[in-house]
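Engineer: Sequences and hints are given; from them, build the entire structure.
Which chain is which? The protein sequence lines are A and B, in order.
Just so we're aligned: 273 in numbering that gives the first Met the number 0 is position 274 of the first sequence, and the numbers increase by one with no gaps anywhere.
Just so we're aligned: 287 in numbering that gives the first Met the number 0 is position 288 of the second sequence, and the numbers increase by one with no gaps anywhere.
Because the hints were derived from the structure by calculation, they are not lab data.
Keep in mind the model is a prediction, meaning the values are calculated, not measured.
Every residue gets a Cβ at the ideal spot worked out from N, C-alpha and C, and that includes glycine.
Please note: incorrect hints may appear among the correct ones.
[Said to hold, decoys possible] Simulated DEER-style distance windows between Cβ atoms:
(1) A:ARG155 x B:ILE48: 38 to 46 Å
(2) A:SER195 x B:GLY3: 50 to 58 Å
(3) B:VAL74 x A:PHE289: 34 to 42 Å
(4) B:ALA13 x A:ARG155: 19 to 27 Å
(5) B:ARG196 x A:SER195: 47 to 55 Å
(6) A:SER195 x B:VAL74: 47 to 55 Å
(7) A:THR161 x B:SER39: 16 to 24 Å
[Claimed, not checked] Derived list of chain A stretches under chain B, where covered just means 3 residues or more per stretch with a C-beta under 8 Å from a C-beta of chain B:
(8) 47-56
(9) 87-95
[Said to hold, decoys possible] Each computed DSSO-like pair below joins lysine-lysine, with the alpha-carbon atoms no more than 30 Å apart:
(10) B:LYS164 x A:LYS220
(11) B:LYS164 x B:LYS67
(12) B:LYS42 x B:LYS55
(13) B:LYS164 x B:LYS55
(14) A:LYS220 x B:LYS4
(15) B:LYS55 x B:LYS67
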Amino acid sequence: MTTEAGAVPAKETAAAERRGGRERWRRRPEGAVLNVFSHGILIVWALMVGLPLIWVLWSSFKSSGDILGSPWSLPRSFHFENWAHAWERANIGRYFGNTIIVVGCSVIGTMVLGSMAGYVLARFSFPGNRFIYYLFVAGMSFPVFMLVIPLFFVLRDFPGVTLLATYPGLILVYIAFSLPFTVFFMTAFFRTLPTSVAEAAMIDGASHTRTFFQVMLPMAKPGLISIGIFNFLGQWNQYLLPMVLNQNEHHYVLTQGLAQIALQQGYDGDWGGLMAGMVIAMLPVLVVYFLFQRQVQAGLTAGALK
Amino acid sequence: MQHGKYRFIAGFLALPLAVYAIFVISPFVQAFQIAMTDWSGLKGAAKYIGFDNYDKLVHSDEFWNALKHNVIMLVLVPVVTLALGLFFAFMLNVGGRSRRGAVVTGVRGSKFYKFVFFFPQVISITIISVIWFNIYNPDPSDGMLNSLLGAVGLDSLQSAWLGEKSIALACIMLVMIWANVGFYVVLFSAAMASIPRDIYEAALLDGAGRAHTFFRITLPLLWDTVQTGWVYMGIIAMDAFALVQIMSVNMGGPDGATDVVPLRLYQTAFRDSQFGYASAMGIAMLIVTLLFAVLTMRFARRERIEF
Numbered sequence: 000m001t002t003e004a005g006a007v008p009a010k011e012t013a014a015a016e017r018r019g020g021r022e023r024w025r026r027r028p029e030g031a032v033l034n035v036f037s038h039g040i041l042i043v044w045a046l047m048v049g050l051p052l053i054w055v056l057w058s059s060f061k062s063s064g065d066i067l068g069s070p071w072s073l074p075r076s077f078h079f080e081n082w083a084h085a086w087e088r089a090n091i092g093r094y095f096g097n098t099i100i101v102v103g104c105s106v107i108g109t110m111v112l113g114s115m116a117g118y119v120l121a122r123f124s125f126p127g128n129r130f131i132y133y134l135f136v137a138g139m140s141f142p143v144f145m146l147v148i149p150l151f152f153v154l155r156d157f158p159g160v161t162l163l164a165t166y167p168g169l170i171l172v173y174i175a176f177s178l179p180f181t182v183f184f185m186t187a188f189f190r191t192l193p194t195s196v197a198e199a200a201m202i203d204g205a206s207h208t209r210t211f212f213q214v215m216l217p218m219a220k221p222g223l224i225s226i227g228i229f230n231f232l233g234q235w236n237q238y239l240l241p242m243v244l245n246q247n248e249h250h251y252v253l254t255q256g257l258a259q260i261a262l263q264q265g266y267d268g269d270w271g272g273l274m275a276g277m278v279i280a281m282l283p284v285l286v287v288y289f290l291f292q293r294q295v296q297a298g299l300t301a302g303a304l305k
Numbered sequence: 000m001q002h003g004k005y006r007f008i009a010g011f012l013a014l015p016l017a018v019y020a021i022f023v024i025s026p027f028v029q030a031f032q033i034a035m036t037d038w039s040g041l042k043g044a045a046k047y048i049g050f051d052n053y054d055k056l057v058h059s060d061e062f063w064n065a066l067k068h069n070v071i072m073l074v075l076v077p078v079v080t081l082a083l084g085l086f087f088a089f090m091l092n093v094g095g096r097s098r099r100g101a102v103v104t105g106v107r108g109s110k111f112y113k114f115v116f117f118f119p120q121v122i123s124i125t126i127i128s129v130i131w132f133n134i135y136n137p138d139p140s141d142g143m144l145n146s147l148l149g150a151v152g153l154d155s156l157q158s159a160w161l162g163e164k165s166i167a168l169a170c171i172m173l174v175m176i177w178a179n180v181g182f183y184v185v186l187f188s189a190a191m192a193s194i195p196r197d198i199y200e201a202a203l204l205d206g207a208g209r210a211h212t213f214f215r216i217t218l219p220l221l222w223d224t225v226q227t228g229w230v231y232m233g234i235i236a237m238d239a240f241a242l243v244q245i246m247s248v249n250m251g252g253p254d255g256a257t258d259v260v261p262l263r264l265y266q267t268a269f270r271d272s273q274f275g276y277a278s279a280m281g282i283a284m285l286i287v288t289l290l291f292a293v294l295t296m297r298f299a300r301r302e303r304i305e306f
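Structural biologist: Below is the structure:
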């Protein structure tokens with residue numbers, strides 16, 4: 000008995016010493032209470048965010064009557080035809096294709112033009128450098144709503160060819176609207192890269208253009224990935240610009256198509272199809288988000304961090 | 000060499016500058032011109048009318064009603080979003096029970112929480128609107144929220160939500176907060192991670208509790224990021240277009256209770272073809288946004304702390 004009683008405190012002190020200062024948190028009663036409390040709140044918020052999204056997925060397998068009548072029930076049987084209806088009857092397939100064409104071209108265009116401008120502005124001093132840089136950066140503060148009215152007429156009355164409700168028109172507008180942030184980001188990024196490698200390439204006889212494409216661009220890959228994801232998500236989810244500038248149903252992108260289907264539900268009532276359409280529209284961004292979670296989060300918050 | 004350099008610079012800048020000038024700079028300049036006319040969209044049919052559009056705007060009850068809602072959002076949405084974002088980020092990064100010998104740690108599963116919280120940022124505002132349209136469905140058994148309240152016996156709390164004039168705007172604001180909190184959790188987490196751990200450890204040794212640690216250490220050191228985040232969130236609050244257009248009753252209803260300036264502008268331009276008047280609204284939006292940004296920077300400025 001006595002030996003045991005003596006051993007216990009000794010063991011405890013040893014353990015406390017081993018664990019060092021961290022016991023201080025736990026010794027305060029508020030620590031334990033707060034810990035339960037903080038976990039509780041975090042879980043509640045996670046459910047608030049997660050449940051509605053999972054709800055869309057499981058609703059896409061339910062019949063339209065069940066989605067409305069018992070919104071919380073699990074699917075009674077799997078209505079895979081929702082997906083087929085969405086893809087064909089509700090034209091989600093076509094909208095999907097349109098979105099791929101427009102976003103694919105505009106992301107590539109944004110990256111190429113944005114890194115070209117960013118590189119020149121970061122690495123070369125010439126008269127007007129600062130002016131052009133601030134001209135680009137100022138674009139970040141223009142409200143899109145203010146630009147959208149004149150832009151409508153710029154596209155409609157474009158000399159020689161109307162760009163309104165065409166792929167090239169939308170692509171060019173997406174590129175132009177993504178340039179301010181892309182140029183801002185890439186200029187900052189190229190400034191952080193060492194100059195010695197480019198100088199070595201020049202001494203070896205590479206031209207400026209070749210140095211850019213074969214030396215600098217590969218070195219800028221981490222930055223390109225961040226800003227590429229940023230632009231992809233922003234352009235994939237863009238709503239206002241296509242709403243105004245792309246009013247031809249054959250060229251609708253996904254956000255427009257879904258909004259139209261949603262606004263028509265009062266007449267059609269194909270909720271199952273709408274849910275399946277939303278899942279289809281979310282899939283590409285979900286894949287990107289799952290695969291590149293860290294880069295997505297870093298890319299989207301990059302502008303707000305110093 | 001010099002010659003080649005300038006040719007290279009011109010070659011690389013020409014295309015980006017041209018695209019940017021045609022589709023961003025020129026519309027920006029034209030907006031001011033169009034706002035001075037009574038243009039209805041026909042080529043060459045615009046008549047110069049000076050500041051009449053602005054005069055009409057100042058005397059329009061509809062416009063003030065919409066602007067009032069934007070200003071309410073501008074004040075409330077950033078406060079709540081940033082407060083929740085800071086709170087969650089603090090919990091995730093500093094609020095955990097200590098383990099593995101570290102004095103300051105995040106809660107278990109903080110990566111998972113960040114993953115879930117951030118989710119609404121990557122999906123389209125259209126999809127968010129449709130989801131919340133179903134959550135707010137006024138029918139007691141069809142609506143997700145109402146049927147949930149009914150199931151737990153809180154029938155008295157069931158409501159028409161977006162159909163209820165007094166709370167419709169609050170419902171819209173809740174969706175904005177819901178969608179954006181995750182962004183700030185991730186943003187503030189990144190900023191908190193750059194605060195040296197020994198500052199926390201020193202505070203702990205001096206006997207500071209969590210509340211103290213938060214208000215005396217975390218918040219002052221994050222102030223720059225909070226300020227930037229405030230401006231970002233304010234710009235989002237000036238928008239709200241897609242949410243109101245897709246979710247609200249009769250676009251901006253009931254009875255104008257959720258109307259916002261972007262929706263007014265959109266309807267005035269593309270439904271009523273009053274492009275001059277709508278452009279004046281756009282310029283009013285630019286002024287409010289800039290005013291907001293300047294005021295935020297002016298009043299939130301503090302001594303910058305280097306660490």
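Engineer: Does each hint fit the structure? Answer for all of them.
Structural biologist: Structure-based check of each hint:
1. Our hint of 38 to 46 Å for ARG155 of chain A and ILE48 of chain B is violated, since their Cβ atoms are close to 22 Å apart.
2. Range check, SER195 of chain A to GLY3 of chain B: Cβ separation about 21 Å, and the 50 to 58 Å hint is violated.
3. Between VAL74 of chain B and PHE289 of chain A the beta carbon distance is about 36 Å. The supplied range of 34 to 42 Å therefore holds.
4. For the pair ALA13 of chain B and ARG155 of chain A, the supplied restraint of 19 to 27 Å holds, since their beta-carbon distance comes to about 25 Å.
5. A hinted range of 47 to 55 Å is violated for the C-beta pair ARG196 of chain B and SER195 of chain A, which are about 34 Å apart.
6. At about 51 Å, the CB distance of SER195 of chain A to VAL74 of chain B agrees with the hint of 47 to 55 Å.
7. Range check, THR161 of chain A to SER39 of chain B: Cβ separation about 19 Å, and the 16 to 24 Å hint holds.
8. Counting residues of the stretch 47-56 of chain A whose CB falls under 8 Å from any CB of chain B gives 7; the rule of at least 3 is met.
9. Given as covered by chain B, the stretch 87-95 of chain A fails the check, having 0 residues with a CB less than 8 Å from a CB of that chain where 3 are the minimum.
10. Between LYS164 of chain B and LYS220 of chain A the alpha-carbon distance is near 51 Å, which puts this suggested pair outside the 30 Å criterion.
11. With a C-alpha separation of about 15 Å, the suggested pair LYS164 of chain B and LYS67 of chain B falls inside the 30 Å cut-off, and the hint holds.
12. For the suggested pair LYS42 of chain B and LYS55 of chain B, the alpha carbons sit about 24 Å apart, so the restraint of at most 30 Å is met.
13. Of the supplied pair hints, the one linking LYS164 of chain B and LYS55 of chain B holds, its CA atoms being roughly 27 Å apart against a limit of 30 Å.
14. Proximity of LYS220 of chain A to LYS4 of chain B is assessed by CA-CA distance (about 24 Å); at most 30 Å being required, the pair is judged to hold.
15. Simply put, LYS55 of chain B and LYS67 of chain B have alpha-carbon atoms about 17 Å apart, close enough for the 30 Å limit, and the pair holds.
The structure fails to meet hints 1, 2, 5, 9, 10 from the earlier list, while all remaining hints are met.
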